[in-house]
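Participant: Following the hints, put chains B and C in place on chain A, whose structure we already have.
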Amino acid sequence: MKPAVEAKSVSKIYETAGHAPVKALDNVSLAIAENEFFTLLGPSGCGKTTLLRLIAGFEFPNGGHILLQGQDIAHLPPDKRPVNTVFQHYALFPHMTVAQNVAFGLRMLKRPQAEIGDSVRQALALVKMEAYGARRPSQLSGGQQQRVAFARAIAPHPKVLLLDEPLSALDLKLRQAMRLELKRLQRETGITFIFVTHDQEEALTMSDRIAVMSAGHVQQVGEPLAIYESPVNRFVADFIGDSNFLDGAVVKTAKGGALIKVAPNFLIETSAAGAAKGDKVSLALRPEKITLAQPVKGLPRGVVREAVYIGNSTTYMVEIDGGIGVTVRESNSLSGQSHFAVGDRVGVVVEAGAARLLAG
Amino acid sequence: MQRTQISAWLGVAPAWFVIGIFGVLPMLIMLGISFMVADPYGGVEPAYSHEAYIQFLFERDLDDSLIFNPIYLNIVLRSVGLAAITTALCLIVGLPVAYFIARQPESRRDVLILLITIPFWTNLLIRTYAWILILTRNGVVDARLQSVGFEAGTFDLLYTNTAVLIGLVYSYLPFMVLPLYASLEKMDFRLAEAASDLYANRWRVAWEVILPLAKPGIVAGCLLVFVPSIGAFIAPDLLGGGKRMMLGSLIYFQFATARNWPFGAAVSILLMAFVMLALLVYARVNKGQGLPAGGH
Amino acid sequence: MRSHVGQYPGLRIWAALFFVFLYAPMVVLISYSFNTNKLAMIWGGFSVRWYEKLFTTGGIADAAFNSLVVAVIATTVAVVIAIAAALVLVRQRPFGGAGISTALISMPLIVPEIVTAVATLMFFVIAKAAIGFDFGIGNIVLAHIVFCIPFAFMPIRARLSDMDGTMEQAARDLYATPWQAFRYVTLPILMPGVIAGAMLSFVISLDDFIITQMISGPGTTTLPVYIYSMIRNGITPEVNAASTILIAASTVLVTIYWYVSRPNAK
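Residue numbers (the working numbering), protein chains in the order written: chain A, 76 to 435; chain B, 149 to 444; chain C, 264 to 529.
Each hint should be verified, as a subset may be incorrect.
What the hints assert, rightly or not - Here's a subset of chain B near chain C, in silico, CB distances under 10 Å, partners left out:
1. Pro-162
2. Phe-268
3. Trp-269
4. Ser-344
Calculated from the structure, these hints are not laboratory results. The C-beta atom is built at its ideal place from N, Cα and C for all residues, glycine as well.
Chain A with its partners taken away, still in its complex shape (with noise of 0.2 Å):
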């Protein structure tokens, strides 16, 4: 099957006069599926946006491809590209109301009066505005304002749909409820998202596919689990969640497992991903698969120098004898209490397989 959207070596330079040029995307190439919920992840400046803007057709590319269902659509204008765009902040067409703002579309492909009518219903529908179709956007709050975009974008049926930040402008508690309902509507209109976000939890929780961006270039393209649990490089394991990075050295190396130096007694077992007795890596330690612990005979053990209360855990900078300091997250005991305290004496427990040997 093909693909819904495929990026083949897309570039976008910035020029602006006085000023080097700005590589926005470099050589980027991606392909997402049909009926996928697609997230584009990354800090501002990563070139997110400029690939989205460049599917939509806002801005067209210096090099490479934009195929649409196999077909090139890179430098077509965005009103001959069935594709369909929810922006951050919303867009609507202030001097319209509700129903005109979602027929707009429509009317724009001229289709008949009725289809139109038909279309702005269920489009309003889908988001339960139905009763608010004759307001002007500027009566309506935040979220109901989201919804009528992304029934408006929705109601010409798009192959494609962009999705621009467009929960960043609601405050916590509804964009918590908005992720759930983005993908409700994502699942039961069958539509192909492409979804752009700095928010890691945001992608995490929504996502078919997540492809980490950064500096204009895929770092890493997988499911929320392989994002998460096997980030590739520095960059992916520092951008989602936390992360302990520690430098060492492979002590031993058997079975696909190696043996990694990180402090005189602080030994780290991880899967070997083809390091060599005597190589210099780097790890990537999630601050939750470290356990404290009493600091019995055998265990690295070092100092806790602070703690963090942050409610239901808390988080703990430990520094270890010999040097390196790394930060643990523990759950807090039933009555909520800390287990640790600043100066306590511990030790530290990292099972095998828990820290990941990252590339480069």
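Facilitator: Relative to chain A, chains B and C alone:
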């Protein structure tokens, strides 16, 4: 890239066409005419001459020798002087008013600004003419004085420098108040509170905080008053009675009555030079602020 | 409650005197126009006889008609030119000609009116002598378009800058051609700016005296030029009446402008 540049030029092309042909071209023609020979029946003879510029300061005697003639220099000095005094008076009158309005609640602020805007957009000719009714012998004030026993003509300011000055200040006061207001209204008033918290009394607050922050407005306002004042025609014509000529009325006179185009053009060039000078000073003082957005 | 910080004694009185100064001449003028007494300075009771006399005297109706024709045409053309220029100067980035185009459009604001007036006069005289270029009242319209453009441009540009640029993108995304996006989205949202710009142009054109005075000939007299000649012929109550009509027109137009251009206006 290229295509968008071309379509951009197409968008501004009508403005370039109209302003270019009917705005810029006439100015260039005027510059050319200032270096030609006057035709006594109006118009010019197509021959080079810088006589028009010499005429500013000198008169030709019968034997063609140059005699210093201060009459035009006096007009230049009067224009610059009156424009400068007008600017200063507008600032003194306008600054407290702009500040007062900026400190009002928003709804009242809007109405007060509208009240300033209405005269601003009302015909200058009419607004100046109205002053004749007030300043003249047997005018509003003089008539009141007569009715309490003074002689007719006790109050008669018409056709004096004072009358011209009143007319100029009245004409251009809104040009000062509006930019002053614009910069004072934007001012974060917590800065004044911070200064006061740091032991400045209210006059020191005005001097050390409010005035420096109002500077862009002050500079823009001064420019917007000075430039039209120095080239004013209506106020000197109606209230100065043609005897108190300024550059504007001198230019008008060359075309309407004296029919000396090259000299009129040369005076216009001189006036433009003063305007350019004022703009240059403005750009210097207000670095990076751009030109004031004129009107409102 | 506000503290005493930034409160200065006498401000309120100063501001009150300022407004008296601003409006006194206009109030005097307007009240005289309704004074029945021929000797303007003595109040003889309310009357509209000067207005009646004004309208029965020939000339003023023609002048008013000329003023309206000039103002309507100049405003229409200036607004269209200003919209095109504003679309480029606000929306097209980067544009190499942005700085110089803005300077050109602002030029008529900077050149003293009297200089514009005589330069335009010489231009038309020479154009007529050289290539027979003379449109009569059309000359006045052309001169007015030049100085109306910046006044139409400013509020349109301001409105366009405030307008969310993604509106047009949203329209294009929803299958609108560039023209449809302009017609159905940009223009309606821009409308308050267009109305404001049109009001300003109209008032400026209607009020212009010096430039029109220089280039108008017999049969192309406008209202301000007519009023000037009346003033020159001596102060009569009819001048007051004619002036009052013009003040009323400006006031109405500026109030409409103010109303549509308030930041929260729809």
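Participant: Determine for every hint whether it applies to the structure shown.
Facilitator: Hints, one by one, checked against the model:
1. A cut of 10 Å between beta carbons decides the hint on Pro-162/B: the least distance to chain C is about 4 Å, and the hint holds.
2. Given the 10 Å rule on beta carbons, the hint for Phe-268/B holds: about 8 Å separates it from the nearest Cβ of chain C.
3. Satisfaction of the interface hint for Trp-269/B is found here, the shortest Cβ-Cβ separation to chain C being roughly 5 Å, below the 10 Å cut-off.
4. Among the interface hints, the one on Ser-344/B holds; its C-beta lies about 4 Å from the nearest C-beta in chain C, closer than the 10 Å criterion.
Violation of the numbered hints given earlier is absent; every hint is satisfied by the structure.
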